[in-house]
Amino acid sequence: MGRYILRRSLQAVGTLFLVVFVLHLLTTFAIQLNGNPALAFFGDRVPSASQVAAVEARFGLDDPCFDQVGNPCLGPFAERLAGYAQGDFGTNLRGREVTDIVATAAPNTLKLFAVVTVTWLVMGMFLGSMAARWRGRPADHGIRMTSVLIDAFPIFVLLLVYRYVFSVPLSEWARSTFGSDSLPAQLFRPSFDADHAWASVLVPGLLLGLAGSAAFIRLVRASQLESYAGEHVRTARSKGLHERHVLLHHVVRNSSVPVVTAVGLTFTEALAGAVITEGMMNIYGMGGVLWEAVRGSDIGLVIGVVTILAIVTVVVMIVVDVAYAALDPRIRYE
Amino acid sequence: MTAVGQMTTSAPTGGTALRAAAGETLLEVEDLAVEFRTPDGTVRAVDGLSYSVRAGETLAIVGESGCGKSVSSLAVMGLLAPTARITKGAARFRGTDLLALRPKEHRRYCGEHVAMVFQDALAALNPVHTVGYQLGEALRARHGVSRGEARRRAVELLDLVKVPNARQRVDEYPHQFSGGMRQRVMIASALAMDPEVLIADEPTTALDVTVQAQVLRLLAEIQAERTMALVLITHDMGVVAGVADDVTVMYAGRAVEQAPVREIFAAPAHPYTRALLRSVPSLATRGAAAGAGARADAKAAGGRLDVIPGRPPSPGQVPSGCPFHPRCEVAQDVCRTDPPPLAAIPAEALTTAAPRAAACHFALDVLGGARG
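Quick mapping for you: the protein sequence lines, in order, are chains A and B. Under our numbering, the first residue of the first sequence is numbered 1, with each subsequent residue one higher. Under our numbering, the first residue of the second sequence is numbered 1, with each subsequent residue one higher.
For the record, the hints were derived by calculation from the structure and aren't laboratory data. Don't be surprised by glycine CBs; every beta carbon is placed ideally from N, CA and C. Among the hints, erroneous ones may be present.
What the hints assert, rightly or not - Simulated DEER-style distance windows between Cβ atoms:
#: 1; chain 1: B; residue 1: Arg102; chain 2: A; residue 2: Arg144; range: 29 to 39 Å
#: 2; chain 1: A; residue 1: Gln11; chain 2: B; residue 2: Thr87; range: 54 to 64 Å
#: 3; chain 1: A; residue 1: Val148; chain 2: B; residue 2: Arg85; range: 29 to 39 Å
#: 4; chain 1: B; residue 1: Arg102; chain 2: A; residue 2: Val122; range: 31 to 41 Å
As the list claims (entries may be wrong) - Examples of chain B residues toward chain A, derived with CB under 8 Å:
#: 5; residue: Leu79
#: 6; residue: Arg107
#: 7; residue: Arg108
#: 8; residue: Met116
#: 9; residue: Phe118
#: 10; residue: Ala123
#: 11; residue: Ala124
#: 12; residue: Pro127
#: 13; residue: Ala141
#: 14; residue: Arg142
#: 15; residue: Tyr173
#: 16; residue: His175
To be verified - Which residues of chain A face chain B? A few of them, derived with a C-beta cut under 10 Å, are:
#: 17; residue: Val233
#: 18; residue: Arg234
#: 19; residue: His245
#: 20; residue: Asn254
With the hints as constraints, model all of the structure from the sequences given.
What follows is the structure, encoded as C-alpha cells:
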C-alpha cells in the first residue's frame with residue numbers, strides 16, 4: 001500500500017509539472033501574440049517607456065523572449081518554479097500576493113463545494129440505489145427520466161433561470177414576509193453576501209450539485225445493477241443473510257469502486273462548474289477570482305490560481321486512487 | 001479405480017446428537033415446475049421434477065447444460081432470478097415445504113439447513129472481502145458471533161477443507177487463491193452454518209482433472225463425517241460413478257431416469273442415459289464399465305468416443321412427445337406423439353430390490369438390451 005501511494009504521488013508530481021508547463025506555454029504564447037500584459041496595469045492611462053519597463057520588471061515580463069513568437073521562455077519558467085518551491089505564487093497586478101487572495105477566496109469556494117458534493121453524493125447514491133433496487137419499475141423510469149432532464153439543462157441555464165426568474169421575486173417575497181435580515185431572504189439573494197456566506201452559496205450549490213448528480217445517478221445505478229447480477233450476491237443470499245445485509249456488504253460495497261472513481265471525475269467537473277457558478281452568482285471564490293483575472297488580463301493571478309487549482313485537483317485524484325486501492329484489494333496487489 | 005465401492009458404502013454414523021440419523025429423508029422435491037418469462041413468452045425450465053435425498057447419501061443430478069438441473073436447485077434455495085416463477089411443486093426439508101414459506105422465512109433455512117456450493121468460485125466469492133470475512137459472515141450476522149470468534153471458526157473451516165496454512169490465508173482475498181483452493185473455500189463457506197443438506201452445483205467443472213478428484217474426495221469425506229445429504233449436480237458421468245448413491249438423469253427439464261448408481265451404470269433403462277454413458281471417455285469410466293456395463297462401452301473404449309447426435313432442445317422449443325425422440329436411436333412413432341411418463345420399472349425386470357424409474361416407452365427393451 002505504501003509503495004502504491006508513493007508511486008501515485010510521484011506520478012502526480014509529473015502530472016503537475018506538465019500542467020504548469022503547458023499553462024506557462026499557453027500564457028507565454030498569449031503574451032507573444034497579444035502584446036504586453038504590463039499595459040493592463042495602467043488601465044486607460046498611457047504610461048511612459050520607463051514606467052512600462054518598471055512594471056515589466058516587477059512582474060517578470062522583462063525577458064526579451066516575450067517578444068519572440070514561438071520562444072518557449074524557459075528562463076522565466078524556471079524562475080517561477082523556483083518561486084513556487086519557496087511558496088511564492090507571485091502577485092496580482094495590484095501587488096497583492098496570490099496566496100493571500102486565494103486564502104480569502106478559497107473558503108467561499110470550499111463552502112460551495114461542500115454543498116455541491118453533499119448534494120450530488122446524496123442525490124446520486126440515493127436515487128441511483130433506488131433505481132437499481134426497483135429496476136424496470138416506475139420508480140426506476142422516473143429517476144432515469146429525471147436524470148436525463150437535468151442533463152438537458154446545463155448549469156448556466158439552470159442558474160440563469162434561477163437568478164432571473166425565481167431569485168428576485170422569491171427574495172422580495174421573503175424580505176417582505178420575514179424581514180430583510182431573515183434566513184429565507186438571505187437564501188434567495190441573487191448575489192453573494194460575505195456576511196451570510198453559507199446562506200448565499202446554498203441555492204447555487206444545490207443547483208450545481210443537482211447538475212452534477214445526473215450522470216452520477218446513472219453511474220450508481222449501473223454499477224449497482226452489475227453487482228446485483230453478480231454471482232457473489234447469490235452466494236451471500238444462499239448463506240441466508242438478510243437482504244439489507246446483502247445490499248450493504250455485497251452490492252453497495254462492491255459498486256463503491258466505480259462510484260469513488262466518479263467522485264474524482266465529478267470533482268473536476270464541479271470545479272469547472274464553480275467557475276461559472278461563482279461568476280454568475282457573484283460569489284467571491286476561486287472561480288470568481290479566476291473569472292475576474294482572465295477578464296482583467298491579470299496573467300500572474302491566472303497562472304497562480306490555475307496552478308493552485310491544479311494542485312488541489314491532483315491531490316484529490318491521489319486521494320481517489322488510494323481510496324480505490326483501499327476498496328478493491330485486486331488493485332492493491334497489482 | 002475402486003472409487004465406486006469405497007464411496008457408495010453408507011457413511012459411518014458419526015457427528016453430533018443433533019445430526020440426522022443416516023437414512024432419514026432430509027430433502028424431498030416433489031413435482032417441481034419452474035417457468036421463465038422471456039421475450040418469446042414463458043418457457044418451462046423444470047417440469048415436474050421429483051427427487052429425495054437421505055442423510056449420509058449422495059444424489060447426483062445429471063444432464064447436459066440447460067436441462068434444468070441448476071434451476072431446480074436454485075428454486076429449492078429460493079435464489080431464482082426475478083424472471084423465474086415456480087408454478088407448482090414442493091421442496092420439503094424435514095417435512096417443511098420451503099417453497100410455501102414467505103421469502104424471508106425461506107431465506108432463514110438457507111445456509112443453516114440447506115446450503116449450496118456454486119460452480120465458479122472466483123465469481124461466487126466476493127472479491128473485495130477477505131476469505132475469513134466471508135466464512136465468518138453468516139455466523140456474525142445471524143448468530144451474533146464476535147469478530148474474534150468468527151475468525152477462529154473461519155480458520156477451523158479452512159482447516160476442515162484442508163487449505164494449508166489456514167491461519168495466514170484466512171486474511172487473504174479470493175483472487176490470491178488457486179482454483180482448487182478457492183473451490184475449497186467455497187465449500188467451507190457453505191459448511192459454515194453446519195447444514196444438513198448440501199447442494200453442490202457442478203463444484204468441479206472449472207477445475208483441472210487432478211484437482212477435481214481431490215475436491216470430490218474432500219466433499220465425500222466431509223459428507224460422511226457429518227452424515228450430510230449431498231445433492232451433486234453434474235454433467236460428468238465419471239464424477240457420478242465416483243461419489244453418488246443415487247442418480248437422477250434430467251433431460252429438457254424432466255427426470256428421465258432415476259436409479260441407484262450401480263444399477264444405472266450396469267444397465268441403463270433410458271436411451272439417453274445409455275448415450276450419456278457411452279460418451280464418457282473410457283479412462284474415466286473404466287471402473288464403471290468394468291463392472292459389467294453397457295456393452296456399448298467396449299466399443300467406446302476401443303476407438304472413437306460416441307457422441308449423442310443433435311443438441312439438447314432449448315427450453316422454449318421442446319419437441320412433441322418424448323423430448324428426446326429426435327436424438328434417440330430407438331425412437332418409434334409413438335415417441336413423436338406421446339410423452340412417456342416417469343414410471344417405475346416392474347420389480348420382475350429388476351435384478352436388485354432397489355426401485356428405479358424411467359421415462360421411456362421402451363424402458364424394458366433398453367434395460368434388456370443393455371443386459372444383453
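Status of the hint placing B:Arg142 at chain A (closest C-beta pair under 8 Å): Since the shortest Cβ distance to chain A is 6 Å, the answer is holds.
Status of the given 29 to 39 Å range, CB of A:Arg144 versus CB of B:Arg102: With a Cβ separation near 31 Å, B:Arg102 and A:Arg144 satisfy 29 to 39 Å, so the hint holds.
Residue hint B:Leu79, partner chain A, criterion CB-CB below 8 Å: holds (5 Å)
Outcome of range test on Cβ distance (B:Arg102, A:Val122; 31 to 41 Å): holds (33 Å)
A:Val233 as an interface hint toward chain B, with CB separation required under 10 Å: At 8 Å from the nearest chain B Cβ, A:Val233 passes the 10 Å test, so the hint holds.
Hint validity - B:Pro127 Cβ closer than 8 Å to any chain A Cβ: This hint holds: B:Pro127 lies near chain A, its Cβ roughly 6 Å from the closest one there, short of 8 Å.
Status of the B:Ala123 interface restraint (C-beta, 8 Å, chain A): With a closest approach of 4 Å, the B:Ala123 hint holds.
Interface restraint verdict for B:Tyr173 against chain A (beta-carbon cut-off 8 Å): OK, holds: B:Tyr173 within 8 Å of chain A, min 4 Å.
B:Arg107 as an interface hint toward chain A, with CB separation required under 8 Å: With a minimum Cβ separation of about 5 Å from chain A (threshold 8 Å), the hint on B:Arg107 holds.
Minimum beta-carbon distance criterion (8 Å), B:Phe118 to chain A: Status holds, d = 6 Å.
Interface hint outcome for A:Arg234 [beta carbon to chain B under 10 Å]: holds (5 Å)
Status of the hint placing A:His245 at chain B (closest C-beta pair under 10 Å): holds (5 Å)
In this structure, none of the earlier numbered hints is contradicted; all agree with it.
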